[in-house]
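Heads up: the first sequence begins at 1 in my numbering, then just goes up one per residue.
Hint data in this document are derived by calculation from the structure and do not stem from the laboratory.
All C-beta atoms, glycine included, are put in the ideal place defined by N, C-alpha and C.
Some hints here could point you the wrong way.
[Said to hold, decoys possible] As a list, the in silico EDC-like pairs of lysine to aspartate or glutamate whose alpha-carbon atoms are at most 20 Å apart:
(1) Lys-21 - Glu-136
(2) Lys-173 - Glu-51
(3) Lys-150 - Glu-171
(4) Lys-185 - Glu-230
(5) Lys-185 - Glu-92
(6) Lys-21 - Glu-10
(7) Lys-185 - Glu-95
(8) Lys-112 - Asp-39
(9) Lys-112 - Asp-204
(10) Lys-150 - Glu-136
(11) Lys-150 - Glu-168
(12) Lys-112 - Glu-95
(13) Lys-249 - Glu-230
(14) Lys-21 - Asp-39
(15) Lys-173 - Glu-158
(16) Lys-185 - Glu-171
(17) Lys-150 - Glu-95
[What the hints assert, rightly or not] Label-pair distances were calculated between CB atoms; the ranges are:
(18) Ser-220 - Ala-122: 40 to 46 Å
(19) Arg-166 - Ala-227: 37 to 43 Å
(20) Arg-166 - Ala-128: 18 to 24 Å
(21) Gln-170 - Thr-32: 23 to 29 Å
(22) Ser-224 - Asp-39: 41 to 47 Å
(23) Gly-40 - Ala-227: 19 to 25 Å
(24) Glu-223 - Glu-130: 18 to 24 Å
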Amino acid sequence: MLLNLRLTMESGQPPEFLWQKQGSRYFRMLDTRAELWQDGSVLRYRGCSGEYVHRLLRLEDRLEEVYEVLCRDEALARAVRRFRGLRLTLSEPWETLVAFLCSINNNIPRIKRNVQAIMSLAGGRMPAPEVLAEAELKHARLGFRERFIKRSAELVAEGALEGIERLEFQEAKRELMRLPGVGEKVAECVLLFGYGFLEAFPVDVWIARAMQEYFGVSRSRIESFSARWEPYQGYAQQYLYLLAREELKP
DNA sequence: CCCCAGGTTGTAG
DNA sequence: CTACAACATGGG
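Given the sequences, and given the hints that come with them, work out the whole structure.
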């Protein structure tokens, strides 16, 4: 089974913020301490079920089928050669939302510090929304994001996320965007990494750069252009993101 | 001192 | 509709 665990866990997806690295293994607190690593090409885990790992790493996705769609374009074919085995991940909606609220106008190392600081409030687990809504967060040094997180936590505690997984993509997106701090980009990230909508295509500065440089497509035309990768827009986005970070450093 | 970071929001044109 | 400053914090 095709998997590059390091790329998958360290590619700016929620696991990069929610899990910690120890040597070549990854760990986090679930019910107990869970651990994840690769032994040669064999995936190993401890402290969680095989079903959990299967869902987290989306092992049901047929990567070769995804690659067939992406490789119609030269830039993406290059990304696939370079990042073969990179998979999309699926985390819990609530913790995915918190992670991407932390990501706003922030950089990856600091997003991780912010998320880990929040989780340190609950022994390394993501605090429940009603807990976070009342928590003292000054120590987490979230800056202007603290207000977004606390106000969103209140709404989620009142049920703002209930039933979203059963909605169509566009409607789910509209619902998420009712939350403070959730604009287009954060909404699409939560839909992709927290709900598993593969048609999501979050546009950040790197994707905007990649689309301009590789395809000559401006920001306003990205959404319609990305339909060429249907139904795997989310995978196209993740591969383009890493490619841009490698090739298009300004 | 400057600039930037997996953006969002409010305001102005 | 588009453009743009402000928003905290930390690193280069």
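Hints, one by one, checked against the model:
no.	hint	verdict
1	Lys-21 - Glu-136	violated, 27 Å
2	Lys-173 - Glu-51	violated, 27 Å
3	Lys-150 - Glu-171	violated, 24 Å
4	Lys-185 - Glu-230	holds, 19 Å
5	Lys-185 - Glu-92	holds, 18 Å
6	Lys-21 - Glu-10	holds, 10 Å
7	Lys-185 - Glu-95	holds, 16 Å
8	Lys-112 - Asp-39	violated, 26 Å
9	Lys-112 - Asp-204	holds, 18 Å
10	Lys-150 - Glu-136	holds, 10 Å
11	Lys-150 - Glu-168	violated, 27 Å
12	Lys-112 - Glu-95	holds, 12 Å
13	Lys-249 - Glu-230	violated, 28 Å
14	Lys-21 - Asp-39	holds, 15 Å
15	Lys-173 - Glu-158	holds, 18 Å
16	Lys-185 - Glu-171	holds, 15 Å
17	Lys-150 - Glu-95	holds, 13 Å
18	Ser-220 - Ala-122: 40 to 46 Å	holds, 41 Å
19	Arg-166 - Ala-227: 37 to 43 Å	violated, 24 Å
20	Arg-166 - Ala-128: 18 to 24 Å	holds, 22 Å
21	Gln-170 - Thr-32: 23 to 29 Å	violated, 39 Å
22	Ser-224 - Asp-39: 41 to 47 Å	holds, 44 Å
23	Gly-40 - Ala-227: 19 to 25 Å	violated, 39 Å
24	Glu-223 - Glu-130: 18 to 24 Å	violated, 35 Å
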